[in-house]
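Peer 1: Take a look at the letters that make up each chain.
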Amino acid sequence: MIQPGLLGEILTSLLIVVGAIFALVGSWGLVRLPTLMERLHGPTKATTLGLGGMLLGSVAFFHLVQGVWSAQELLVSIFLFITAPISANMIAKVHLHGARLKEADSIESPAGKPPRPPGEGDWATYEAPHSDTPVATSEE
Amino acid sequence: MIGYAVMFGFACLVLAFALNLWRLLRGPTVGDRIVALDTMVINAIALIVLTGIATNNAVSFEAALLLAMVGFIGTVAYCKFQLRGDIIE
Numbered sequence: 001m002i003q004p005g006l007l008g009e010i011l012t013s014l015l016i017v018v019g020a021i022f023a024l025v026g027s028w029g030l031v032r033l034p035t036l037m038e039r040l041h042g043p044t045k046a047t048t049l050g051l052g053g054m055l056l057g058s059v060a061f062f063h064l065v066q067g068v069w070s071a072q073e074l075l076v077s078i079f080l081f082i083t084a085p086i087s088a089n090m091i092a093k094v095h096l097h098g099a100r101l102k103e104a105d106s107i108e109s110p111a112g113k114p115p116r117p118p119g120e121g122d123w124a125t126y127e128a129p130h131s132d133t134p135v136a137t138s139e140e
Numbered sequence: 001m002i003g004y005a006v007m008f009g010f011a012c013l014v015l016a017f018a019l020n021l022w023r024l025l026r027g028p029t030v031g032d033r034i035v036a037l038d039t040m041v042i043n044a045i046a047l048i049v050l051t052g053i054a055t056n057n058a059v060s061f062e063a064a065l066l067l068a069m070v071g072f073i074g075t076v077a078y079c080k081f082q083l084r085g086d087i088i089e
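Protein chains in written order, with my numbering: chain A, 1 to 140; chain B, 1 to 89.
These aren't lab readings, by the way, just hints derived from the structure by calculation.
As the structure is a computational prediction, the values presented were derived from the model and not from experiment.
Beta carbons: idealized from backbone N, C-alpha and C, even for Gly.
Check before you lean on any hint, since a few could be wrong.
[Claimed, not checked] In silico PhoX-like pairs for lysine-lysine, Cα to Cα no more than 25 angstroms straight-line: (1) A:K113 - A:K93; (2) B:K80 - A:K45; (3) A:K45 - A:K113; (4) A:K45 - A:K93; (5) A:K93 - B:K80; (6) B:K80 - A:K113.
[Unchecked claim] Footprint (simulated), chain B over chain A, 3 or more residues, beta carbon under 8 angstroms: (7) 29 to 39; (8) 69 to 81; (9) 118 to 124.
Input sequences plus hints: build the corresponding full structure.
Peer 2: Structure representation (structure tokens):
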């Protein structure tokens, strides 16, 4: 029969170790991958997941080992999981603008140039507001 | 056992910080530096969480929450400045 304290210790240690490895792999991808569009994968996916693992380990530690329930870690992880795609989208927009201004990497990306969006238009980040967009976004 | 796991986590995060710093100094574009800073903020949150476990102190998670918010706003502000030349239009 395993004691609950020992189970909590094993679970906490496992989550911390796995999370730390994921964070390290994310930063290694940031160094290793060739262009900015590929480099975005490491920090936005692996590092966020690793931090989520460490936060879950912290919840397990305080709940199972210390017997205290603390929910701030869950708040932090929910906030990070919501904001990581938004910041990745913003950085991808910066890359698209840099590519248009010829400031981007000189190396050709292995995946090639990003494909044009379907239809007549260009990427939304290049376009001026249309005349029929709502007032709140089109008026200065 | 948790002590060893926390030590391993600290070692991994120190290495991750060194790799981020290399990308921050190397560039080559502004977008790479923004990504490196964003990753550094996330790793700093992880350091705060691990410190909270190591010192058995649940107070530091407010700091982690604040750092998560400030890091996100900082990243978006850098990107907005790169895109528009202005942060609040």
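Peer 1: If a hint holds in the structure, say so; if it does not, say that too.
Peer 2: Going through the hints against the structure:
1. A:K113 - A:K93: 14 angstroms, holds
2. B:K80 - A:K45: Given pair K80 (chain B), K45 (chain A) holds - Cα atoms ~22 angstroms apart, limit 25 angstroms.
3. A:K45 - A:K113: Judged against 25 angstroms, a Cα distance of about 22 angstroms means the pair holds.
4. A:K45 - A:K93: Holds. K45 (chain A) to K93 (chain A) sits at ~18 angstroms (cutoff 25 angstroms).
5. A:K93 - B:K80: 9 angstroms, holds
6. B:K80 - A:K113: OK: K80 (chain B) and K113 (chain A) at ~23 angstroms, within 25 angstroms.
7. 29 to 39: holds (count 4)
8. 69 to 81: holds (count 7)
9. 118 to 124: It is violated: at least three residues are needed, and the segment 118 to 124 of chain A offers just 0 whose Cβ sits closer than 8 angstroms to chain B.
Consistency note: the structure conflicts with earlier hint 9 alone.
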